[in-house]
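So the sequences go chain by chain: A and B.
Per our numbering, the first sequence starts with residue 711, numbered consecutively.
Per our numbering, the second sequence starts with residue 5, numbered consecutively.
Read the hints as simulated data drawn from the structure, not as lab findings.
Remember, predicted model here, so these are calculated numbers, not experimental data.
We put the beta carbon where it would ideally sit given N, CA and C, even for glycine.
Just to be clear, a hint being listed does not mean it is correct.
Distance ranges between label pairs, derived from CB positions [said to hold, decoys possible]: (1) B:F14 x A:D972: 33 to 41 angstroms; (2) B:S143 x A:I930: 57 to 65 angstroms; (3) B:A182 x A:Y867: 19 to 27 angstroms.
Computed list of chain B residues with no C-beta within reach of chain A, every gap over 12 angstroms [as the list claims (entries may be wrong)]: (4) E12; (5) L82; (6) V175; (7) Q213.
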Amino acid sequence: MFYREAGQFKTSYKSDQAIFPILQDRIGLGLIVAIALIGIPFIATDGFLNSIMIPFLILALAAIGLNILTGYCGQLSLGTGAFMGVGAYSCYKLATIFPDVTILVHILLSGFFAAAAGVIFGLPSLRIKGLYLAITTLAAQFFLEWMFVRWGWLFNYNESGAIQNVPQKLFGVQITGAAADPVTRYLVVLSIVVFLTWIASNIIRGRIGRSWMMIRDMDIAAELMGIKPLNAKLSAFAVSSYFCGVAGALMVFFWLGSAEADVFNINLSFQVLFMVIIGGMGSLIGSFMGAAFIFVLPVVIRTIPRVLGLDIGGATVEHVSTMAIGALIVLFLIVEPHGLARLWQIGKEKLRNWPFPYG
Amino acid sequence: MLSEIFVEPFVLMADIPDLLLQTIWEGFVAGTLYALIALGFVLIFKASGVFNFAQGIMVVFAALTLVGLYANGVPAWLALIITIGVMAILAISIERVVLRPLVGQNEAILLMATIGLSLFVRGVGETLFGGETKTMITSELGLPTGITDWNVFDGRVTFQHIDIAAVVIAVLMVAGLAVFFSKTRIGRALRAVADDHQAALSVGISLHQIWAIVWFASGVVALVTGIMWGARSDVSFALEVIALKALAVLILGGFTSIPGAIVGGLIIGIGEKLFEVYWGGLLGGGTEAWFAYVLALIFLLFRPQGLFGERIIERV
């Protein structure tokens, strides 16, 4: 009823191959982008932008990165945090070596360093798969994290061992640094994330994306049909790490402001993996939903005692929320192992058939 | 530079043999503890195909429960018994609440479930006993605490008694498990389940029961590991990350092999200590954080099934 594609005829190849062939999807997406672009900057407070919207978008980008690798190409990785770190550190180096070039270029370039790291640590995927591969990606996680601490050149030998964002202006508007307005930073992050999501959806629709999915579904059959596992797997590692690297750079420059190596630890990897699994493997919209769920949920749980007027110590709230999140994740995996994206699909089906039980 | 890598460390080893012996001993003890954690993984992986990421947190949780009970006035021996009981309850509830509904799911989802579980157990432990670092009740449990010096090669090698006890207890436990697996009824049922789920079901072995037993067994292994590790350093949640090294051990030894877990643990324990002492300085130290994983990664490129693992055969 609400979501019927009946009567929408595709009369050209162009319209047949559109990303959103259905009118309702286009309207819906247009509305979401309009709200994100115009609505939220007007109504949101600085705190909301800083502590919810910006991190949500950045983590969603990282989740898209991991989803490309795990959801579309079927290679489990626990090294996401480290690849994000590579992006962040290389962006910092680029920004301090070339201070005159705009930060946006640095951020988009820094992803390539992460991609290179991803390809190197993705090499074992040619011989092994599944859980064995997941463990070798732990090597990336711990080795790179160690490097961020020990290799002083990476953080310009400063005392604190942390990397800071470099204040920069774009068209006369401060976009990074402490002086930058949260709304400006939000809009920059939003445009980068939207742009990269668009790129990702096109890569996935194309030849490369299809070869990843063939490898995921059955690698031997894919090989017989002429897909080179070497190219498919390593390109998945490269593209995935590119996205993670950009997310890491955004994280330091537009969200945290400064970061130590510890930010990119294994818990970040787990967090992003949760977003992918809870959101739905092999779904871009799922990455956003998963990021919202995993990132916003703890924030909500932590505010519950305050809303109820209970006087509980901060540490206890932290502990109880860890427990609650763990329990919710397990519950969610039991109830809907295919993630929020699957619920979204069921919802769309319901809307299509309403008011009838089936179409 | 080349001489620093290929010559000097060996010269140093030959010049100061007591340092070498000391390093190997330290690595041996650390390796024993890695092997114990890996053993917990192997038990569960063999019987249920679940890759239990929560093993590390189970080690911490068991040690925390023991210390926490003692701090609340429970005598040490009673605290030990209660802790074993708690691990049994944990095992049964994990089987009922988490594993049973997830049977037959994709391995990534099972892995995520155990990571979720580890968050939950961590939260429970922190809520009940607090997140701060605690000291293990070593002497109260009747474990030795002194040190013995052994004069050798004009030098001295120091043995902590607790380390010796750790090795002895580990050996006893592995032997006990081996006897349990080969001689008892439940042990044989366990091996049957590990071999073939459906065949085991068809001869009347209850999978649920076996899974609960296996989780309990690895809970007990976790408790012993927790006591030993806690006695060597202290009881804190940092142990959870160290416990991930057991995953590298598993790669070396193979996911399904108990001897593999032990040999792998020792190789990694001794290897990382030697590397840190003799080569770590070249890289700025702290190499123990990644050595195990990088070794496992290189090893995998040559032998994907591990030292003792079953050969991976793919059917189309």
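At the C-beta level, are A182 (chain B) and Y867 (chain A) separated by a distance inside 19 to 27 angstroms? The hinted range 19 to 27 angstroms is violated for A182 (chain B) and Y867 (chain A), with Cβ atoms some 53 angstroms apart.
Please check whether F14 (chain B) and D972 (chain A) have a Cβ separation lying inside 33 to 41 angstroms. holds, 35 angstroms
Whether L82 (chain B) stays farther than 12 angstroms from all C-beta atoms of chain A, as the label says: holds, 26 angstroms
Far enough from chain A: is every CB of that chain over 12 angstroms from the CB of Q213 (chain B)? Since the minimum Cβ distance to chain A is about 21 angstroms, Q213 (chain B) lies beyond 12 angstroms and the statement holds.
V175 (chain B) clear of chain A by more than 12 angstroms, beta carbon to beta carbon? Label holds. Min Cβ-Cβ 27 angstroms, cutoff 12 angstroms.
Verify that the Cβ of E12 (chain B) lies farther than 12 angstroms from every Cβ atom of chain A, and report whether the claim holds or is violated. Correct as stated: the minimum Cβ-Cβ distance to chain A is 20 angstroms, above 12 angstroms.
Given the range 57 to 65 angstroms, decide if the beta-carbon distance of S143 (chain B) to I930 (chain A) lies inside it. Roughly 59 angstroms apart at Cβ, these two residues keep to the hinted range, so it holds.
The structure does not agree with numbered hint 3 stated previously, though it agrees with all others.
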